[in-house]
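Number of protein chains: 2
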Amino acid sequence: MISHYIQEAISRGSIIRVMFERGRKLKAQYGADQVFDLTLGNPVLEPPPEYFQALHELAELRDKGLHRYMPNVGFDFVRDNIAQRLRERKILPEVTRENIIMTAGAACGLNIVLKAILNPGDEVIILAPYFVEYLHYVTGYQGVFVIANSNPDFSLNLDELASKITPKTRALIINSPNNPSGRVYSQSSLEAMADLLYLKQKQYHTRIAIISDEPYRELIFDGQKVFSVASIYENSFVVYSWSKSLSIPGDRIGYVAFNPAMNNPRMLDALSFCLRLSGMVNAPAIMQWLVNKLLDVSIDINYYQTKRDRIYQSLKSAGYDLIKPEGTFYVFPRAPGDDALAFMQKAMQLNILVVPGQGFGWPTHFRIAYCTDDYTIDRALEGLVALVRSA
Amino acid sequence: MISHYIQEAISRGSIIRVMFERGRKLKAQYGADQVFDLTLGNPVLEPPPEYFQALHELAELRDKGLHRYMPNVGFDFVRDNIAQRLRERKILPEVTRENIIMTAGAACGLNIVLKAILNPGDEVIILAPYFVEYLHYVTGYQGVFVIANSNPDFSLNLDELASKITPKTRALIINSPNNPSGRVYSQSSLEAMADLLYLKQKQYHTRIAIISDEPYRELIFDGQKVFSVASIYENSFVVYSWSKSLSIPGDRIGYVAFNPAMNNPRMLDALSFCLRLSGMVNAPAIMQWLVNKLLDVSIDINYYQTKRDRIYQSLKSAGYDLIKPEGTFYVFPRAPGDDALAFMQKAMQLNILVVPGQGFGWPTHFRIAYCTDDYTIDRALEGLVALVRSA
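If you read the sequences in order, they're chains A and B. Sequential numbering of the first sequence, starting at 2, is according to the numbering used here. Sequential numbering of the second sequence, starting at 2, is according to the numbering used here.
Hints are computed from structural coordinates only; laboratory data are not their basis. Fair warning: there could be bad hints in the mix.
Put simply, identical chains are the same to the list, so a pair is met inside one copy or across any two.
Mimicking DSSO-like on lysine-lysine, the simulated pairs with C-alpha atoms at most 30 Å apart in a straight line are [stated by the list, open to error]: (1) 317 x 28; (2) 294 x 65; (3) 65 x 28.
Model the full assembly from the supplied sequences, consistent with the hints where possible.
The following block contains the structure:
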């Protein structure tokens, strides 16, 4: 009864899923507090107090019609307020609500953009290391994914990117701050990338979209400012989620905003239609209402920066080869011996769970998610330090 | 930048959408209270008081982890409680949470079932009159839709259905109570349909799924009891939404339950994987928590039954040819002259908006949605009565 594609995919299983299952067995065997799980990007941090305050207000609210269908694109007043923030922060300096559709998180946003723009056989460039679901999203709309590697320090490799662009290239997915590397692409490298794409569009007489997946946009350290490539590239989409900035990944709320310079009067209709056809219909009404109350609220970034600092210093001084993450709640060190699968096995013998880079198209490194409690982090660090010293 | 398929679809536009736009213009011209809009299945009824009570409890709740990612299939405790209700009501007498996945409403549920089971070119039978989005859902997963007409009284036409089943038939979508006709299929006709499908499966050595789309299951009148074909057919899926029974269509929450007799140990994994890939990831955590508190709550069915009675009697005695709806909040009368498009135009001259049956693959009839206020209904009825008398 299951289709060939899905049957094959679930039989193969994802590496992260296998990790998850093994971790469950270890926890059953040794007790949950004796297994140090750094695999999942699922924050233990609770939402900020303002979230619960807004929920109280919502419970008191008797605005007639709040829980009805609204236009598929979402509530006007929510999209107006988001547009204002995007203009003020120069993420999309000219954006209005007519360029914004509310979605059920960033994954939903990526799906409707790809559904709206891909013809069968169109190529979508994905930068490695990558979030593995991108590949499935692209094939889900009969697109073809093309992998372009980043530099060894995870900065943009424009030569590699240039070599992957063909007349069939329809889009490029970019994710900054990056999961899994923690890299934030510099403004100058993003400007050079935009120039490259403009050149290729001209050369091939095509249009290439940049899809900027920005769920970690607010999780950026050391007082850096976010720079979105969408601000300088006409055919661009910003895909956002409040999962990380409000620590509510289970609640599923985000948006897609596109650059009005794209100058396509049907794009909002197309995205709206795709949201409808995908079965989502509209972003959950109560989540739209809630995040509208919280547009200037975020979890405390220092919470993650402090953890980032401790982990980075600890691993670096122990001898790991790693870059200092500039954002996200991940670090992505090189595995001793350059074999992340073997390293993962060794770590597991110490009841430490990490994700080998095979899951991100980068098999020499492994990912640590540090959106967990300090006890887990500290015990895991002890083991990881011992492992690199014995390697 | 928009794909050919989506560009074509949004340019063509849906009839309902065109109605919506014309209605907006009429309202701008004459004032909203002088336009009688019966087009949208978007209840003006507010959610029941228990919904707001549950929202209050939720705002007070500080259960750690409630807003995190949970397993893609949804919370165990919610799925357990739903399974218990489905067993008690004999909708799926043997079901457990291992056969249930929480979704963002029924549209989302239909999408993940189709994504999970369709190979390219597989045929899906859809019974006319139908909810038009079904066609797009099927083509979205490279399936091919095949229309089978119902009887003139909108009961199941098994001869027609039998003639449409081929070796490529992978699924049948059934919707009872039916949008747009209001028909509830009888238990005996559903039993005969199940027998037919068992026979065809044997004849062709195939498996044919029944996908039972049941968002109107609780909106059933005259004390009838619901009978779900899923209870007597092994390869069956029940797709549910709380949009109608709690009057919260904007909030997007529902589930898919499949018959454990399907005996496919990977089906839950497949649905879960499809929910993940579709970008939904998991049904909104807070909506799962809320509906779990409201499993035995419903809006007052009499609210709709009273409207049904008045509309049916009024149209019938005026001379319309129509069946008495047994459920939903729609009636589907025959248009005078058998031309629903022409009738719609005439109605619009009286500022009455109805949906011509072209939007449901049934061009001789038109749909009235009576999930609206009595003033609108009464004023529309005056006009509709006048129209049939002048025809």
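Up to 30 Å CA-CA - residue 65 versus residue 294, copy category: Answer is both: 18 Å inside a copy and 22 Å across each meet the 30 Å cutoff.
Up to 30 Å CA-CA - residue 28 versus residue 65, copy category: The answer is between: 20 Å across copies meets 30 Å, while 48 Å in one copy does not.
Within, between, both or neither, where residue 317 and residue 28 count as close if Cα-Cα is 30 Å or less: within (29 Å within a copy, 67 Å between copies)
Violated hints are absent here; each numbered hint is respected by the structure.
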